[in-house]
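K.L.:
Based on the provided sequences and hints, a complete structural model is requested.
Single-letter residue listing:
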Amino acid sequence: MSVSYNDFVIRFANVNGSGSASANGMFAKALFRMGIPVATRNIFPSNIQGLPTWFEVRVSEEGYMGRREGVDIMVPMNAETLVEDIASVKPGGYLVYDNSKPLPKHLRRDDIHEVGIPIATMLLPEFSDPKQRSLFKNITYLGALAGLINIEFDVITGMVATQYKGKDALIAPNIRALEIGRQYAYDYLDAPLPIQVRRSDKVGNRIMVDGNAAAGLGSIYGGATVCAWYPITPSTSVAEAFEQHANRLRIDAETGQKKFAIIQAEDELAAIGIVIGAAWNGARSFTATSGPGVSLMSEFLGLAYFAEIPAVLWDIQRAGPSTGMPTRTQQSDILSAAYASHGDTKHPLLFPSTPKECFDFAADALDLADRLQTPVIILSDLELGMNDNLSEPFEWDESRRYDRGKVLSADDLDQLDVFGRYLDVDGDGIGYRTYPGTHPDKGAFFTRGTSRDEFAAYTESPDAYQRNMERLLKKWDTAKTLVPAAEISSGKSRVGVLYYGTTALPMPEALDLLEPEGVILDTCRVRAFPFGEEVTAFIDEHELVFVVEQNRDAQMRTLLITEGDFSPAKLVRVNYYAGLSISADFIQQSVLEYFQANKLPRLTEVKS
Amino acid sequence: MTFVAKPKAHHPKLPLNEIGLTRRDYEGSVSTLCAGCGHDSVSAAIVQACAELSLPPHRFAKVSGIGCSSKTPSYFLNKSHGLNSVHGRMPSVMTGSNLANRELYCVGVSGDGDSASIGLGQFAHIVRRRINMLYIVDNNGTYGLTKGQFSATNDKGSTSKKGAPNLYEPIDLVSMALQLGATFVARSFSGDKHQLVPLIKAGLRHKGMAFIDVISPCVAFNNHKGSTKSYDHVRAHMQNVVNADYIPHHDEITADYKPGSKEDINMPDGSTLRLHKLDDQYDPHDRVGALNYVQRSAETGDVVTGLLYVDPKAADCHDVMDTIQKPLNQLSEADLCPGQNPLDSINAGFR
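Residue numbers (this note's numbering), protein chains in the order written: chain B, 1363 to 1970; chain Y, 106 to 456.
No lab work stands behind these hints, which were simulated from the structure alone. What you were told as hints is all true, and nothing was included just to trick you.
Each computed DSSO-like pair below joins lysine-lysine, with the alpha-carbon atoms no more than 30 angstroms apart:
{"no.": "1", "chain 1": "B", "residue 1": "K1621", "chain 2": "Y", "residue 2": "K431"}
{"no.": "2", "chain 1": "Y", "residue 1": "K267", "chain 2": "Y", "residue 2": "K252"}
{"no.": "3", "chain 1": "B", "residue 1": "K1621", "chain 2": "Y", "residue 2": "K418"}
{"no.": "4", "chain 1": "Y", "residue 1": "K431", "chain 2": "B", "residue 2": "K1620"}
{"no.": "5", "chain 1": "Y", "residue 1": "K298", "chain 2": "Y", "residue 2": "K266"}
{"no.": "6", "chain 1": "B", "residue 1": "K1842", "chain 2": "B", "residue 2": "K1768"}
{"no.": "7", "chain 1": "Y", "residue 1": "K312", "chain 2": "B", "residue 2": "K1621"}
{"no.": "8", "chain 1": "Y", "residue 1": "K252", "chain 2": "Y", "residue 2": "K266"}
{"no.": "9", "chain 1": "B", "residue 1": "K1620", "chain 2": "B", "residue 2": "K1527"}
{"no.": "10", "chain 1": "Y", "residue 1": "K431", "chain 2": "B", "residue 2": "K1804"}
{"no.": "11", "chain 1": "Y", "residue 1": "K431", "chain 2": "B", "residue 2": "K1768"}
{"no.": "12", "chain 1": "B", "residue 1": "K1620", "chain 2": "Y", "residue 2": "K418"}
{"no.": "13", "chain 1": "B", "residue 1": "K1804", "chain 2": "Y", "residue 2": "K312"}
{"no.": "14", "chain 1": "B", "residue 1": "K1620", "chain 2": "Y", "residue 2": "K312"}
{"no.": "15", "chain 1": "Y", "residue 1": "K118", "chain 2": "B", "residue 2": "K1804"}
P.N.:
Structure (structure tokens):
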């Protein structure tokens, strides 16, 4: 039998709260430390203890980080989901299970390989405490897997030592549990299996981190001093990461006091209110939430848009509508974020695809919000936010300076004959602001959500109102030139594919899958709204553009049609929204089906 | 409202305060509220208090929600920045503003609709958070801007202008503030500047949450027969209690009336409101006692006024959180950005 290396999907089925996460995490980290690209996905219930949870690791020498359909190695540790777990194994795949109790006959499949390990039986004489025995089950199957697929053992034992540093008494029994598993594989099983890992150099200097941790850290680097938030899955860890890093990196050396303030607010309305109040008074501030929170924050976002107050909002998207599936991923807040609030409102959006981009966009968004004096919403999602992703390492350009936008100091005001908060002095639609308390006589103004003139005086004059709304559109045009540009690869095809956020993860693999079918696609990864000229040009230059996204209603497509005036016929929707992350297989099949249904020539033929 | 613009020229002999400013330097733009509105008296009291305290008039952050009361920050301290935010959300915006710059005086003005209904949650939580601010509620028991609906502070049985009774129990913000841990709780009346001005002064100087519920009857919508907030009704139902606005920790606060006396207030429409003062035995440092007193008085329809509770040694939100003394909005990149070095070790931790 031929052996495949570094190319499989392994899935662990566990019970929520059973301590499986650390063993599973060690598995993925061990492969990562062997230089093998891995992508991890926690598929977990909206629950704390007792319900089924899965952990999936995509192992790919090619570096394909998207979800792939089908499981090559299944490790079912949860009796409740045994039926579906066994059914999910690809023909020819492996079922690595605890055969202390035999598998029920009706569940057995003759098209997969059963690899039974008597984990519970083996642990019985080793550990007298039943709770410990249960916990060490996870470590034992990790040891068995090390034998079965050839994980370098010292990589794993090294991690145990690091993980339990300070709790040294736990190191020896953990290593013993690992050895029990591995020894059984060597002694009684046909180890290693034809699915194996081997050391690689494909990871490079990349790190493995979740997007929310990157967002929290990036907010530190970007100079945020106020974080106000309300707990909501899957965004909570953004604020937690900010606090964790701030407690280390933002302590005044002299006094030991904090150079930041975090408020866990009473609700999302208060969270965004605090952010807006702080930003109005000149502190960089942000909040993190998910779709339901954006709904609650909408009124305030309209105020900030109209009163022109900076704010940064992370929306870690999950499956809606309503409470939806709080622990499943989607990209379904595009429209509600873009147009959050009543009246003619629209907000710049950023779409990060990797943890590195979460880090970068955290700082960029703080700059943009200050420069544009408006709320900026960053649309991440559960897939990026809560799963460990391979990422370029974080970097900070020491020569970078915060862009605090147009803010007048007391000296500036002294030089000035006329100050009008909403005067468009520079022709870019952006006025000059002052922070409260700046100058004894000059620069104070009254901020309000009601209409006002260029000098911030209340007015209901139709002309003044319309002038102001037109200026806000001019500012919107300025925003187009400041937001991160789309990443475009063009010139190979008349057909393009446009995508954003985590839909980028399976895209390289989808393109590789399509190529042998004669389908070659130019690509446009949108990174921000409003769309820059490059996005318009990309769509104009192609006969057809697939718009691939993870929601039901093709929200980005709607945004493109509405804001770009593109022909709907030209933008073909490809939508996956079942709550798992979109896979390369799905994209490939959807595109091929469209080609077949519309009898489109394969691109290789068109080329010739 | 008046359509007569305020004259720009000041009388040359207006008295100067300790920092060389006159009271005109603390004023705002012309009010657009109804002629004789009690809220304008509150604004005037704020002007007087700030002028007499000789506070720099640009070192304030004024924040409000929505409603008649929330329009008033335009009408005082026009050398300071103001933010008229969204309905019921002044507390969160003020929280953010105070986090950004702890050195500014924070004046939040809200109404009974703003604080007792749509913003009741934010009111409760800003009290808990101990933001260092003066929180004034202009309490008239009615929604003025939408023409006279009951607010949540209106008494059960009180009637609307058309005669319909209010069926629901009132919310007493003073009791709530006491219960939630406010460290300065007062009730006053918009027509009694002798009482109100010293209270505002004390509130501005208080560290932590200073809450003043100012009864400010609505001359347009809640001054009719059948309303328990009408001057006639209040006058008829007032019970005498002894005033206790002697505040040892804030000598500025003085009152014309002596303990044991009562006070008749002449209102703009010529009616009189008799405010009840607290008795000699009243201990303004006993939170539970104050709460009991206010609740018991409410049972008999009394309006209790004065500085009901004060904790002069209170800590504020910044003390609790242990934030740096320098305002957060003045920290530079050098203070805030850790640079590449720690990032290298953070990256290493993710390998």
